[in-house]
Amino acid sequence: MISYLKEILAHVPADYAELRYHERRVNAVSVRKGEPEAAQANHLAGVGVRLLDSGRWGFSSTPGSKRADIMRAIGDAATAAKAMSRTKKNLAKAKLAKGEFRPPVEDPIENHSLEEKLKLVKKAEAKARRSKKVASASSAYIEYLDKKAIVTSDGAAALLTDVKPEFRITVVAAEGTNMVTASEFAGVTGGWKDLWRYGAWEEIVEKAVKRAQRLLSAEFPKGGRMKVILSPEMVGLISHEAIGHTVEADFVLSGAITKGKIGKRVASELVTLADSGPSVHIPGASGTLLVDDEGVMTKRTVIIENGILKSYLHNRESAASFGVAPTGNARAFEYSDEPIIRMRNTYIEPGKMSLAKLLASTDRALLLEGAGGGQADANAEFMFGVQEATLIEKGKRKKTFRGVTISGNAFDVLASVDAISKEFRWALGAGYCGKFQRAKVDAGGAYVRCEAIIGGRHG
Amino acid sequence: MQEEPTFAARLSSEVVMAELVDRLEELVRCALAKGADQAEAFGQRFEGREVWLENNRIKTAKSHPGEGIGLRVIKNKRLGFASDNNLDEANFEELCTKALALASANLTDKFQIIPEPRKLSALKGLYDPRLAELPLKEAIAMAKRLLKAAKDYDRRVTVDSGGVFVNTGEKAIFNSNGLAASEQGSSITAMIMGMAREADEVSAFDFQFDGSLRLTGIKIEPLARRFAQNVIRSLGAKPARSFKGTVLFSPVAVAETLLFPLTYSINAQNVQKGMSKLAGKLGLRVASAKLTIVDDGLLKDGIASSAFDREGQPHQTIKIVNKGKLITYLYNSYTANREGRATTGHASGGYRSLPGIGTTNLVISPGEATKAQLIRDIKEGILVTRFSGNANPISGDFSGTVKGGFYIRNGRLSYPVTNTMIAGNVFDAIGNISGISKKLTRVYSYLLPYLAVEGISITSG
Numbered sequence: 001m002i003s004y005l006k007e008i009l010a011h012v013p014a015d016y017a018e019l020r021y022h023e024r025r026v027n028a029v030s031v032r033k034g035e036p037e038a039a040q041a042n043h044l045a046g047v048g049v050r051l052l053d054s055g056r057w058g059f060s061s062t063p064g065s066k067r068a069d070i071m072r073a074i075g076d077a078a079t080a081a082k083a084m085s086r087t088k089k090n091l092a093k094a095k096l097a098k099g100e101f102r103p104p105v106e107d108p109i110e111n112h113s114l115e116e117k118l119k120l121v122k123k124a125e126a127k128a129r130r131s132k133k134v135a136s137a138s139s140a141y142i143e144y145l146d147k148k149a150i151v152t153s154d155g156a157a158a159l160l161t162d163v164k165p166e167f168r169i170t171v172v173a174a175e176g177t178n179m180v181t182a183s184e185f186a187g188v189t190g191g192w193k194d195l196w197r198y199g200a201w202e203e204i205v206e207k208a209v210k211r212a213q214r215l216l217s218a219e220f221p222k223g224g225r226m227k228v229i230l231s232p233e234m235v236g237l238i239s240h241e242a243i244g245h246t247v248e249a250d251f252v253l254s255g256a257i258t259k260g261k262i263g264k265r266v267a268s269e270l271v272t273l274a275d276s277g278p279s280v281h282i283p284g285a286s287g288t289l290l291v292d293d294e295g296v297m298t299k300r301t302v303i304i305e306n307g308i309l310k311s312y313l314h315n316r317e318s319a320a321s322f323g324v325a326p327t328g329n330a331r332a333f334e335y336s337d338e339p340i341i342r343m344r345n346t347y348i349e350p351g352k353m354s355l356a357k358l359l360a361s362t363d364r365a366l367l368l369e370g371a372g373g374g375q376a377d378a379n380a381e382f383m384f385g386v387q388e389a390t391l392i393e394k395g396k397r398k399k400t401f402r403g404v405t406i407s408g409n410a411f412d413v414l415a416s417v418d419a420i421s422k423e424f425r426w427a428l429g430a431g432y433c434g435k436f437q438r439a440k441v442d443a444g445g446a447y448v449r450c451e452a453i454i455g456g457r458h459g
Numbered sequence: 001m002q003e004e005p006t007f008a009a010r011l012s013s014e015v016v017m018a019e020l021v022d023r024l025e026e027l028v029r030c031a032l033a034k035g036a037d038q039a040e041a042f043g044q045r046f047e048g049r050e051v052w053l054e055n056n057r058i059k060t061a062k063s064h065p066g067e068g069i070g071l072r073v074i075k076n077k078r079l080g081f082a083s084d085n086n087l088d089e090a091n092f093e094e095l096c097t098k099a100l101a102l103a104s105a106n107l108t109d110k111f112q113i114i115p116e117p118r119k120l121s122a123l124k125g126l127y128d129p130r131l132a133e134l135p136l137k138e139a140i141a142m143a144k145r146l147l148k149a150a151k152d153y154d155r156r157v158t159v160d161s162g163g164v165f166v167n168t169g170e171k172a173i174f175n176s177n178g179l180a181a182s183e184q185g186s187s188i189t190a191m192i193m194g195m196a197r198e199a200d201e202v203s204a205f206d207f208q209f210d211g212s213l214r215l216t217g218i219k220i221e222p223l224a225r226r227f228a229q230n231v232i233r234s235l236g237a238k239p240a241r242s243f244k245g246t247v248l249f250s251p252v253a254v255a256e257t258l259l260f261p262l263t264y265s266i267n268a269q270n271v272q273k274g275m276s277k278l279a280g281k282l283g284l285r286v287a288s289a290k291l292t293i294v295d296d297g298l299l300k301d302g303i304a305s306s307a308f309d310r311e312g313q314p315h316q317t318i319k320i321v322n323k324g325k326l327i328t329y330l331y332n333s334y335t336a337n338r339e340g341r342a343t344t345g346h347a348s349g350g351y352r353s354l355p356g357i358g359t360t361n362l363v364i365s366p367g368e369a370t371k372a373q374l375i376r377d378i379k380e381g382i383l384v385t386r387f388s389g390n391a392n393p394i395s396g397d398f399s400g401t402v403k404g405g406f407y408i409r410n411g412r413l414s415y416p417v418t419n420t421m422i423a424g425n426v427f428d429a430i431g432n433i434s435g436i437s438k439k440l441t442r443v444y445s446y447l448l449p450y451l452a453v454e455g456i457s458i459t460s461g
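Protein chains in written order, with full-length UniProt numbering: chain A, 1 to 459; chain B, 1 to 461.
Hints were generated in silico from the structure; no laboratory data involved.
Among the hints, a few may not be true.
To be verified - Facing chain B, a subset of chain A residues (Cβ under 8 angstroms, in silico): (1) Asp76; (2) Ala80; (3) Asn111; (4) Thr181; (5) Leu359; (6) Gly372.
Just so you know, these numbers come straight off a predicted model, no measurement behind them.
Built from N, CA and C at the ideal position, the CB exists for glycine as well.
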């Protein structure tokens, strides 16, 4: 495929051109309340064409990989470029990928039949529903199997293989009209054995069931500013949504709050926050990306180091306009998407204190666990749902709350950090990011104690 | 934002899309020959043109042709599904084999069904050849107008993102019960998102949307002005106070806060699986008598209008809530079969997935008041132009930040608010509606009014 694409690329009249063949297989099985919901296999293959001519970008794509179709897409991309205004655009020099790349895999998922995966999902759902007070449950297994070939006119030539499986369980507990939900998941880049790195499926189900049961009798909290302890999933959510997006160079250029703040203090000196293509600390993070979709080798990019803003996240174009090296953050979800600046695995580095010590030294705080949905703006203001909040008083767990949301300005929250645990995990393995197109991302970190606004109810 | 194209369409007996239907028939025959008891093939061909705005300029323009085919099979009461983004007949053999392999691995489900053909009525005026022929250059010009109108309104406006999107294409379906149908369609949508900046202050984000099936149906400048006005007005925001009061939801905020739990809970699948708070409430009062909700798959110039659903079943105009009373849930043929009733024609989705259940053009029926009258009736409350937060679809609990809001005191918009959260329950909220505007605004495939709701918790400070 590489030499085939290279040969076609040689005939493209543009300052820069990039051909990206992407074949994806998605297999999914799911069961809800004892009945099958989906058993499906999707196949998707095509070529995305991007070119830069006189400072004008053009993009197009075609299903399949026939020469005539790719040539037509090249023509469409050239037409699109010509319709744009002329600008001065450069691409930063980058360490371009050449050769074959695949993340480490333990026990390939292809060695496990779909029957086995379906059986597991069925057992997981049944186990949840056998539990006390559980009215309904659903479980799903999804796997992405990707093959890519990326060639650029300035020398990238990479063949990539990537596999990302994920497992989910959602539990509905009910008592009369009182209904609550809890969900848990596992998601990695890797194989079958990697998927159960943080616990077997039985433990994952048990965790969701127990949480739903607790939430059933939980109260709603009073709103207000207070001390909180963020679990790795909440740390990941804030790192990705509320900090990460504000340092994506395209958002910076359009006026995100981090504009002009490189080298300045933006968080407590305890905080080091990074976005990494390779999975650091623990292998298998689900946002793992060895080569980005511009053919650039990825690495660990430190965004905030000891509280000081160090770097934005770049593609080749933004890196050139900032005069820095690309960080390997150009990503496209499918062949028909053009690469844009996206995160990979975003996290806060662990500290030195044990979680036990962190809890014991806490006078009064809410421990926030289980990420819910949420959003953040370019000014780093965020609002996220939390599945479960536990009141910690003098180091002891006192009471569970439900319906909790956390909000604030993420940089204010990070400035208030006074303790970080040494325990670390990747915590959003089943996560997707939506920014014009989807991306498989991961996020996580350590336990972080800080201040935030808790949304509650007034009587 | 732009997923698979949801093109509304023209059903036309004389327009020949026989070629696509023939291909689907061949795939269905292949599945039957390999042992399927029943089979259904759904095919799409589309051409998308997208112009994206970013950071006050045109970011990219692209055109992309696409196609795809999805095959659903039932064998021994077991379901299997496979799809490919290529209509090439060379893939058919593998598609059939995969779908059947999945079916034999699956659990038995006696309610699995491929529906019978039903009479379809033609829809007119839903396809605009000018959209099909619109050059990318013209779409770029429209995006430039959108940008210019926003910046001309006030230089402090920053357009963060947005764009103009044109979709044209055809869809077709064929099944082993002899159902065959096809449609051609087109749509244009535009959206704009961003904020205002003044010195160090960054206002809240605002989002506005417009869409039509006709090129002339979209109003670029008014869209830009709605957006620009909202972000400029939200400059100088300060916290209000914490209280329980009236929230006046804008159409966008209605979509962001109330609609997801409601559409989730009227989905027959969720009702049947014990995941709906509206289960067992048919014929009962579930909302204020002021509230009527209609789903209209045949709506004139509706973004989601189409003669038939993902299973080839006719769309219809159907009241979901009538004067506060719950009239029906939304069904596809599987969920209908479980209850021994007819589908309501709400099978949703594209070629890549099994038919789900979804609304078409959802309309909250207009009330009698103007927006100004609604504000005048509020003693103390908040106007919410955008909501950013969580609404739990099962419990109905919602909680989140007011993005672009105004404190209302004694019937007047007092000042823009920041650091303000609202919380409540959607199913309680629809019982406490005190006012509905007579003007409706298009938000995606919804047509929504301003809604005034009493007794919402507001936390600010």
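Does glycine 372 of chain A pass the interface check with chain B, least Cβ-Cβ distance below 8 angstroms?
-> holds (5 angstroms)
If you take the shortest Cβ to Cβ gap from asparagine 111 of chain A to chain B, is it below 8 angstroms?
-> violated (16 angstroms)
Hold the hint about leucine 359 of chain A up to the distance rule: shortest CB distance to chain B must be less than 8 angstroms.
-> Violated: closest Cβ of chain B sits about 26 angstroms from leucine 359 of chain A, beyond 8 angstroms.
Should the interface hint for aspartate 76 of chain A be scored as holding, given a Cβ-Cβ cut-off of 8 angstroms against chain B?
-> Interface hint status for aspartate 76 of chain A: holds (5 angstroms vs cutoff 8 angstroms).
Does the nearest C-beta of chain B fall within a distance shorter than 8 angstroms of the C-beta of alanine 80 of chain A?
-> For alanine 80 of chain A, the interface hint holds, since the closest Cβ of chain B sits about 5 angstroms away, which is under 8 angstroms.
Holds or violated: threonine 181 of chain A as interface residue toward chain B, Cβ cutoff 8 angstroms?
-> holds (5 angstroms)
Figure legend: structure checked against the earlier numbered hints; hints not met, in rising order: 3, 5.
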